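Listed in order, the protein sequences are those of chains A and B.
Just so we're aligned, residue 1 is where the first sequence starts under our numbering, counting upward by one.
Just so we're aligned, residue 1 is where the second sequence starts under our numbering, counting upward by one.
The set of hints was computed from the structure by calculation and includes no laboratory data.
These figures come from a predicted structure and were not determined experimentally.
In this text, a Cβ means the ideal position worked out from N, Cα and C, and glycines have one as well.
Please note that a few of the clues may not be correct.
If we take Cβ atoms under 10 Å as the criterion, some of the chain A residues that face chain B in the derived model are [to be verified]: (1) P4; (2) L86; (3) R88; (4) G89; (5) L91; (6) L96; (7) H127; (8) R137; (9) E138; (10) R141; (11) R145; (12) G198; (13) L206.
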Amino acid sequence: MAAPTLDAVLTGLAQDEATGSLRVGKEGTVYYDHGRVSYVECAATPGVEGLLGASGRISANGVRHARQEAGPGGDGGALLVDKGVLSRGELEFCVLSATLDAAFFLLTPKTVRTRFKDGEAHWLGIHWFFDVPGLLRECARRRARLERAWPSSELDARPVTPLRRIPGSHALLSRLQWELLLAADSTATPVELARRLGRPAYSTLLAVRELAAAGLVVTAETAALPKRTPKPPPPPKPPPPPKRPTGPGRSTSELPQVNADATDVNLLLRLRDALEAL
Amino acid sequence: MIGIEDCLSEAMSIPGALGAILVDHTSGMAVAGKGIPDPGRAAAGLSEAYRATLHGIALASEETGFRIEDVIVTTGTAYHLVRPMEMMFDGPLLLCVRLDVERSNLALARRRLRTITDELVAS
Numbered sequence: 001m002a003a004p005t006l007d008a009v010l011t012g013l014a015q016d017e018a019t020g021s022l023r024v025g026k027e028g029t030v031y032y033d034h035g036r037v038s039y040v041e042c043a044a045t046p047g048v049e050g051l052l053g054a055s056g057r058i059s060a061n062g063v064r065h066a067r068q069e070a071g072p073g074g075d076g077g078a079l080l081v082d083k084g085v086l087s088r089g090e091l092e093f094c095v096l097s098a099t100l101d102a103a104f105f106l107l108t109p110k111t112v113r114t115r116f117k118d119g120e121a122h123w124l125g126i127h128w129f130f131d132v133p134g135l136l137r138e139c140a141r142r143r144a145r146l147e148r149a150w151p152s153s154e155l156d157a158r159p160v161t162p163l164r165r166i167p168g169s170h171a172l173l174s175r176l177q178w179e180l181l182l183a184a185d186s187t188a189t190p191v192e193l194a195r196r197l198g199r200p201a202y203s204t205l206l207a208v209r210e211l212a213a214a215g216l217v218v219t220a221e222t223a224a225l226p227k228r229t230p231k232p233p234p235p236p237k238p239p240p241p242p243k244r245p246t247g248p249g250r251s252t253s254e255l256p257q258v259n260a261d262a263t264d265v266n267l268l269l270r271l272r273d274a275l276e277a278l
Numbered sequence: 001m002i003g004i005e006d007c008l009s010e011a012m013s014i015p016g017a018l019g020a021i022l023v024d025h026t027s028g029m030a031v032a033g034k035g036i037p038d039p040g041r042a043a044a045g046l047s048e049a050y051r052a053t054l055h056g057i058a059l060a061s062e063e064t065g066f067r068i069e070d071v072i073v074t075t076g077t078a079y080h081l082v083r084p085m086e087m088m089f090d091g092p093l094l095l096c097v098r099l100d101v102e103r104s105n106l107a108l109a110r111r112r113l114r115t116i117t118d119e120l121v122a123s
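Required output: the full structure, derived from the provided sequences and hints.
Pasting the structure below:
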């Protein structure tokens with residue numbers, strides 16, 4: 001008999017109103033409470049511990065202590081709130097973000113070895129719930145959202161390389177994009193950068209795709225053109241002085257109307273440079 | 001100190017409130033909602049509206065490093081208030097409230113919304 005798909009296992013446990021932990025291959029764990037998912041962990045994404053550590057609210061050691069203090073079946077999250085590490089709202093959002101992030105990478109349609117441990121709970125306790133269909137729907141929505149930002153997965157697993165020069169005269173960056181561009185060293189992939197920065201891996205993936213859409217990171221398309229040697233741009237030419245007085249009925253402007261898109265101009269510049277380099 | 005669900009209940013207790021929703025701006029996901037017919041669509045739309053506002057204001061303003069306190073949109077029948085909350089690692093999280101234009105007081109609603117968001121992230 002063929003092994004059941006992961007979706008079937010997840011749905012089955014929800015129908016059985018199971019409480020415990022489901023180990024999914026070697027990559028992660030899904031925690032259930034009465035058939036609802038309370039937490040998901042994935043090796044590829046930072047968990048609540050990683051997010052908290054990177055935010056500077058608590059050290060890795062502090063997390064370990066809290067975990068020991070909470071003990072098995074305890075409520076480590078409530079303990080952290082009592083200690084003033086974070087507010088209840090922040091804890092809930094943290095659990096929710098980490099769970100959805102892990103689910104996005106862990107709960108892909110596949111057939112994988114799973115092992116269910118009845119009654120095992122996560123040390124943080126229970127702070128947010130997801131029903132299984134809702135969780136799977138959200139994962140699908142997130143995949144669609146990525147496709148809308150930049151319809152190619154070519155950058156998802158490749159090292160992030162910012163372009164040395166941006167197209168156009170300015171760029172608008174989100175906070176995460178700024179951090180990503182600073183941390184990008186042409187060897188780390190988006191998921192590796194996420195771990196390094198302590199940011200959700202999905203947000204990082206999305207930010208990289210948006211950077212690609214804005215033409216700020218190296219993609220297969222930009223890499224195909226030879227690199228331009230960095231040189232200062234030529235000084236702008238002063239407009240020629242008007243030689244003829246503008247007579248009545250003439251256009252006031254002697255210059256032709258510019259109606260080219262800035263991206264077209266950039267493409268032309270790159271083409272020119274490529275031809276010159278031949 | 002309040003949690004996510006209490007924060008929505010508090011928002012719905014603002015005089016004239018018709019609906020309230022919490023949106024994760026990065027992913028455009030509806031975290032939780034009350035009185036919102038289609039939270040998924042609402043979250044995506046509000047998230048895009050906030051992004052466009054942020055970009056538009058950044059281009060239109062000389063101010064560097066500004067942050068949006070709230071966004072107010074007035075329609076014929078309602079006020080839409082969007083208040084961003086910076087979370088410690090991601091975000092912002094947007095608290096969005098729709099208010100009946102006849103039954104609400106905009107100044108009061110803004111103050112209440114600020115109090116609620118301060119309580120949500122205060123430890």
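For which of the previously enumerated hints does the structure constitute a violation, in increasing order of number?
-> Hint check: 1 fails alone, others pass.
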